[in-house]
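For the record, the sequence lines run as chains A and B.
The first sequence runs 1 to 112 under the numbering used here.
The second sequence runs 113 to 225 under the numbering used here.
To be clear, the hints were calculated from the coordinates, so they are not data collected in a lab.
One or more of the hints may lead you astray.
The calculated lysine to aspartate or glutamate pairs, modelled on EDC-like cross-linking and capped at a C-alpha distance of 16 Å, are [what the hints assert, rightly or not]: (1) B:121 x A:15; (2) B:183 x B:136; (3) A:56 x A:31; (4) A:37 x B:213; (5) A:37 x A:84; (6) A:68 x A:42; (7) B:121 x B:136; (8) A:56 x A:42; (9) A:37 x B:136.
Just so you know, these numbers come straight off a predicted model, no measurement behind them.
Chain residues, written in single-letter form:
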Amino acid sequence: DQQVKQNSPSLSVQEGRISILNCDYTNSMFDYFLWYKKYPAEGPTFLISISSIKDKNEDGRFTVFLNKSAKHLSLHIVPSQPGDSAVYFCAAMGNAGNMLTFGGGTRLMVKP
Amino acid sequence: DGGITQSPKYLFRKEGQNVTLSCEQNLNHDAMYWYRQDPGQGLRLIYYSQIVNDFQKGDIAEGYSVSREKKESFPLTVTSAQKNPTAFYLCASSMAVNTGELFFGEGSRLTVL
């Protein structure tokens, strides 16, 4: 049973527009969420995180929104750039003893 | 430069052979992890280690073994008991278990012929 789901396997966006990547989770004990970015044949790199005490966290062009009641988070990239083309993984963790649980990833393609 | 080094980057193996993937970190992190990535799937945890000489099974440990004799090193052995070993393997580390942010190596792609 997947506790973290990214229902869109891929997303295509025009350069300069907004990219919105979505993530849903089922475990109500999750209280910390992260986004990772991964280029082909490389390891994922940390992008941005959010704690459950917040509903928004912003870092430059990247903003993560958390809706706890809906168990949903999203990553907004504005403006999107071709270099943002990568696979984005959502991850969640909860109480001590729980490891990070990853979603299946969304492949973002930003077209020039 | 501080980071995580995985080797080899690409590896081919015949069925029935064991193979060991290397992972070394110089970040002085206590916790280390092995994940497996399959096409269209998220990262699944194979094993993790919180401290030297200690390690725990993750979600998909069957057919794998690890050791943690040194803080810097966490090698993964893919044994012949692993039914579907062809995958991309990622090693990661963090300051401690459950600190959230993991630092990943560049990965090792294993192909069983």
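What's the verdict on residue 121 of chain B and residue 15 of chain A, does the C-alpha distance respect the 16 Å limit or exceed it? violated, 32 Å
Would the hint linking residue 37 of chain A and residue 136 of chain B be met if the CA-CA limit is 16 Å? violated, 22 Å
Distance restraint between residue 68 of chain A and residue 42 of chain A, which requires alpha-carbon spacing of 16 Å or less: The hint is violated at about 32 Å.
Between the alpha carbons of residue 121 of chain B and residue 136 of chain B, is the straight-line distance 16 Å or under? Given pair residue 121 of chain B, residue 136 of chain B holds - Cα atoms ~13 Å apart, limit 16 Å.
Pair hint residue 37 of chain A and residue 213 of chain B, alpha-carbon separation not exceeding 16 Å: Distance ~13 Å between residue 37 of chain A and residue 213 of chain B Cα, so the pair holds.
Within 16 Å, alpha carbon to alpha carbon, are residue 37 of chain A and residue 84 of chain A? holds, 9 Å
Restraint check for residue 183 of chain B with residue 136 of chain B, where alpha carbons must lie at most 16 Å apart: Holds. Residue 183 of chain B to residue 136 of chain B sits at ~9 Å (cutoff 16 Å).
Against the 16 Å threshold, does the CA-CA distance of residue 56 of chain A and residue 31 of chain A hold or violate the hint? holds, 14 Å
Can the restraint linking residue 56 of chain A and residue 42 of chain A be considered satisfied, given a maximum Cα separation of 16 Å? With Cα atoms ~28 Å apart, residue 56 of chain A and residue 42 of chain A exceed 16 Å; violated.
Consistency note: the structure conflicts with the earlier hints numbered 1, 6, 8 and 9.
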